[in-house]
Amino acid sequence: MTKSELIEALARQQPHLALKDVELAVKCIIDQMSETLASGERIEIRGFGSFSLHHRPPRIGRNPKTGESVSLTEKFVPHFKPGKELRDRVDASREKYKIID
Amino acid sequence: MALTKADFSERLFDELGLNKREAKEMVELFFEEIKASLERGEQVKISGFGKFELRDKASRPGRNPKTGEEIPITARRVVTFRAGQKLKARVESYAGTQ
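Protein chains in written order, with our numbering: chain G, 1 to 101; chain C, 1 to 98.
Note that these hints are calculated values from the structure, not bench results.
For clarity, every value in this text was computed on a predicted model and none was experimentally measured.
Ideal Cβ positions, reconstructed from N, Cα and C, are used throughout, including at glycine.
Do not take every clue at face value.
What the hints assert, rightly or not - Computed from the model, here is a short list of chain G residues facing chain C with C-beta under 7 Å:
| id | residue |
| --- | --- |
| 1 | 3 |
| 2 | 6 |
| 3 | 10 |
| 4 | 13 |
| 5 | 24 |
| 6 | 25 |
| 7 | 28 |
| 8 | 29 |
| 9 | 34 |
| 10 | 38 |
| 11 | 44 |
| 12 | 48 |
| 13 | 82 |
| 14 | 94 |
| 15 | 98 |
| 16 | 99 |
What the hints assert, rightly or not - Taking lysine-lysine pairs in the DSSO-like style, the calculated list, with each CA pair at most 27 Å apart, reads:
| id | chain 1 | residue 1 | chain 2 | residue 2 |
| --- | --- | --- | --- | --- |
| 17 | C | 88 | G | 65 |
| 18 | C | 5 | G | 20 |
| 19 | G | 81 | C | 66 |
| 20 | G | 96 | C | 51 |
| 21 | C | 88 | G | 84 |
| 22 | C | 24 | G | 81 |
| 23 | G | 84 | C | 24 |
| 24 | C | 51 | G | 20 |
Please model the entire structure based on the sequences and the hints provided.
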């Protein structure tokens, strides 16, 4: 499922809203998630999961082409922990559905 | 304070003019639709944000960390999230202390 398919599915379920408004709403939710993480704050959605930042300490990396070592500064990476409901639902249906893109 | 569903609907109310009920419903449906898709085995790719992927794990031997007792971990399907380039770049430079 892609973002546009998600928008279409949400529009079908809310026929009183214009497609344009559903598009804007989805964009608004996604922007707010990115902004929140960019400011170092967590996101907690009950039943879905939580997003937080994980710290990566500075390290010496290598340029894979030249083999030369490069020092990399510390950084933060986004991390998602699925909630119980999502974990249970996905696992319960694993024999019924194949994984598709 | 972590961001919750109420914060998302508040912004939909403030910025898009959805009424409170519509805003709340939109946020509920947004997360429910992603869960339903993953439940059907369909991975979800949100461009600019990231991809919710599915992985089938084989069973493996496990251990109760408290008692040391061996208990098999059953085969299962799990959800993983891979942040997209844009989100990674925005988060990487976060310099605050946690």
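Problem set entry | Hints not upheld, ascending by number | Per hint list: zero violations.
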